[in-house]
Amino acid sequence: MEYQRMKAAAVAQQQQPPPLFLEFSHGDGDGSNSRKRPREAEAAMAPQMLSLQPQAQGHKVVSLAQLQKRPATGLRLDFDEGSEHVSTTSSASSLLPDELVTQFDQYKNEMAHLFQDHTERLRRALGEVRRRHYRSLLGAAEAAAARRIREKEAEASKAARRGAELEERIARLRAEAAAWQAKALADQSTAAALHAQLQQAAAAAQARGKAEEDNNAAADDAESGFVDPDRVEEVIPTPPPSRPCRTCGLRPSSVVLLPCRHLCVCDACEPTVPTAITGGAAAAACPMCRGAVTGTVQVFFLS
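To convert, count from 1 in the sequence shown and add 858; that's the numbering used here.
No wet-lab data here; the hints were simulated from the structure.
Ideal Cβ positions, reconstructed from N, Cα and C, are used throughout, including at glycine.
Mixed in with the good hints there might be a few duds.
[Unchecked claim] Ranges of calculated distance between the beta carbons of each label pair, as one might list FRET restraints:
1. Asp956 to Tyr992: 51 to 57 Å
2. His991 to Ala1029: 55 to 61 Å
3. Lys1041 to Val1157: 20 to 26 Å
4. Glu986 to Glu1023: 51 to 57 Å
5. Leu972 to Glu1011: 40 to 46 Å
6. Gln974 to Gly997: 32 to 38 Å
7. Ala1040 to Gly1153: 20 to 26 Å
8. Gln1156 to Glu1070: 16 to 22 Å
9. Gln961 to His991: 40 to 46 Å
10. Gly1021 to Arg993: 39 to 45 Å
11. Val1157 to Gly1021: 51 to 57 Å
12. Ile1007 to Leu1031: 31 to 37 Å
Please model the entire structure based on the sequences and the hints provided.
Okay, here's the thing in C-alpha cells:
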C-alpha cells in the first residue's frame, strides 16, 4: 500500500505543470527582477526536485528490499519472491524515469559482479584451504612413514647384529665341540692302550702263576719220593717271566710309566730308572723309549 501511494504521488507531480516555466515567459521586468526571478525559479524548483528525488529513491529502496529478502551467502542470490512481486516491480520499473531504470540496472549489474567476485574469491579461498589441508595430511603421512621406516631399519640392524652374534657363538661352540671330540678320541685311544697293556699283564701273571704251581708240584713230588744217590737228575732252570723288567730282568714288570704308558719296570727297579737331562733339570727316563717320565702307576695283576 505504501508503495502504491508513493507511485501515485510521483505520477501526480509529473503530470502537474510547474509554474516556474510560466514565470520565465514574462520578461518585461527590470534587471533586478530578471535576476531575482531565476533565483526564485531555482528556489521553487529545488523543493520539487527534492520531492521527486526522495520518492524515486524511496521507490528504488523498496524495490531492492522486495527483491532481496535474505542476505547473500557468498555463492549466489536467493530470490524467493512470488509472481505478483515480479509483476509489480516490472510495472513500477516501466513507470520510473529512464535515468532511474538505468541506475537500477547499473546497481543490479554491480551487485551481480560483486557477488560473482565474492563467489570466486570464496571458491579460491576454499580451494587454498583444501590444498593446505591436503598438504598437511600428506606431510603427516610422510612423517609417519619415515618414522615407521626408521623403526624398521633399527629393528633390521638389531636383528642383523643378533644374527652375527649367534653365528659367532655357533662357530665358537663348534670349535669347542671339535676340541672336546678330539680330546675324547685321544682319551679313548689312551684307555684302549691301557686296557691292552692290562690284559697283557694279566696274561703274563696268569702264566707265571701256573709255572709256579707246576714248580711247587714238582718239588712236592721230589720230597715225597725216594732219592737215589746214584740217580742223576737234570735241573731245569726257572723260566724268565713273560714280561721281565727292563732294568733287572728278574722280576716281571708291574709299573706303568707316564706319559709314554710303557709297562717296562718292576716295583723294585722303579727308583733306579736312569735319568735324562731335559731343559736343564734331571728327570726320569723310560728304559724303552728314553722319554721323560712325569709319573708312574703301579699295576697289580690278579692270578
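Cross-check of the supplied hints:
1. Range check, Asp956 to Tyr992: about 53 Å between beta-carbon atoms, so the 51 to 57 Å window is met.
2. Distance hint check for His991 and Ala1029: the Cβ-Cβ separation is about 57 Å, which falls inside the suggested range of 55 to 61 Å.
3. At roughly 25 Å, the beta-carbon separation of Lys1041 and Val1157 lies within the given 20 to 26 Å, and the hint holds.
4. Remark: the range hint 51 to 57 Å for Glu986 to Glu1023 is upheld by a beta-carbon distance near 55 Å.
5. Checked against the given bound of 40 to 46 Å, the beta carbons of Leu972 and Glu1011, roughly 58 Å apart, lie outside it.
6. In this structure the hint that Gln974 and Gly997 lie 32 to 38 Å apart at CB holds, the actual value being about 34 Å.
7. Checking the proposed 20 to 26 Å range against Ala1040 and Gly1153 shows it holds: the Cβ atoms sit about 23 Å from each other.
8. The supplied range of 16 to 22 Å is met by Gln1156 and Glu1070, whose beta-carbon atoms lie about 21 Å from each other.
9. A beta carbon spacing of about 44 Å between Gln961 and His991 agrees with the range 40 to 46 Å that was offered as a hint.
10. For Gly1021 paired with Arg993, a C-beta distance near 41 Å keeps the hint of 39 to 45 Å intact.
11. In this structure the hint that Val1157 and Gly1021 lie 51 to 57 Å apart at CB holds, the actual value being about 54 Å.
12. Range check, Ile1007 to Leu1031: Cβ separation about 36 Å, and the 31 to 37 Å hint holds.
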